[in-house]
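Undergrad: In case you want the letters, here they are:
2 protein chains.
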Amino acid sequence: MSNPTDRPARRIALLKALAHPSRLAIADALQSGERSVCDLTALVGADISTVSKHLRLMRAAGLLTAEKRGLKVFYRLKCPCLLSFFECVDGLVPDSPAKPDADARRPGFPR
Amino acid sequence: MSNPTDRPARRIALLKALAHPSRLAIADALQSGERSVCDLTALVGADISTVSKHLRLMRAAGLLTAEKRGLKVFYRLKCPCLLSFFECVDGLVPDSPAKPDADARRPGFPR
DNA sequence: AATCTATTTGGCCAAATAGCCAAGTAAAGG
DNA sequence: CCTTTACTTGGCTATTTGGCCAAATAGATT
Numbered sequence: 203m204s205n206p207t208d209r210p211a212r213r214i215a216l217l218k219a220l221a222h223p224s225r226l227a228i229a230d231a232l233q234s235g236e237r238s239v240c241d242l243t244a245l246v247g248a249d250i251s252t253v254s255k256h257l258r259l260m261r262a263a264g265l266l267t268a269e270k271r272g273l274k275v276f277y278r279l280k281c282p283c284l285l286s287f288f289e290c291v292d293g294l295v296p297d298s299p300a301k302p303d304a305d306a307r308r309p310g311f312p313r
Numbered sequence: 203m204s205n206p207t208d209r210p211a212r213r214i215a216l217l218k219a220l221a222h223p224s225r226l227a228i229a230d231a232l233q234s235g236e237r238s239v240c241d242l243t244a245l246v247g248a249d250i251s252t253v254s255k256h257l258r259l260m261r262a263a264g265l266l267t268a269e270k271r272g273l274k275v276f277y278r279l280k281c282p283c284l285l286s287f288f289e290c291v292d293g294l295v296p297d298s299p300a301k302p303d304a305d306a307r308r309p310g311f312p313r
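Residue numbers (the working numbering), protein chains in the order written: chain A, 203 to 313; chain B, 203 to 313.
Everything labelled a hint here was simulated from the structure, so no lab data went into it. Be a bit skeptical, because a hint or two may be false.
[To be verified] DMTMM-like, lysine to aspartate or glutamate: derived pairs with alpha carbons at most 25 Å apart:
hint, chain 1, residue 1, chain 2, residue 2
1, A, K274, A, D249
2, B, K280, A, D249
3, A, K255, B, D292
4, B, K218, A, D292
5, B, K218, A, E269
6, B, K270, B, D208
7, A, K280, A, D292
8, A, K270, A, D208
9, B, K274, B, E289
10, B, K274, B, E236
11, B, K270, B, E289
12, B, K255, A, D292
13, A, K280, B, E236
14, B, K218, A, D230
15, A, K218, B, D230
16, B, K255, A, D241
17, A, K218, B, D292
18, A, K218, B, D249
19, B, K218, A, D249
20, B, K274, A, D208
21, B, K255, B, E269
22, A, K218, B, E269
23, A, K280, B, D241
24, A, K218, B, E289
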């Protein structure tokens, strides 16, 4: 999985890169412009090393770029279209948000 | 995380539901219509119980619905728009697919 | 009712992921 | 050159996820 050269693997890497609360929050924050690692650390409230690793993963997935200026490293979204992507995600499931197919975990479910 | 009632949690559940090779393949297959669990088991080549659990997860995320007819349970995509969603995912990162930000794992990377 | 097929569930183990801490690197400033 | 600030990396545990097997459930068939 290290080098996602085929399409499914790249899709999976991208989806995984956003499928975590801290990473989603990071991506969301970066929509309004670049942020340094410690900005983002303050945002998500985890250890800076943890955040750094999240950023590395997102970068490897192709979501982010990094630029070092002085002591700080600024991360930036590579794509301009995250907002519409989120709308696309939200639009995936049109109807009831809170109880998605509520009986999905009842034993002996379908009837 | 069990009942994703807030927006980020629902987004994450949806993204996770697709961020796995078997589940992505299942979603892809269901684009051409409903399939039974053993159809899908043949498709992904894992134990049927494993596939059943993948399906449960995807269903809990709100991606799928299930309908039992006779002995079989048929799963179907809840949304009609998966294809355009995949295009949306692919479009997230416009440029070079094979080596996304190649120096992302070099030590002391930015310079 | 006994059996067969299709599926779900529970239990358990292995692998992947996420977290923290400590140590290392890099640029800036004294 | 020593220190400080900002990050990254390595190492270690803890949690989560994925997978298989065996057992349970459900409807169809005999």
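Undergrad: Could you work out which of the previously given hints the structure breaks and list their numbers from low to high?
TA: 2, 5, 6, 8, 9, 11, 13, 16, 20, 22 and 23
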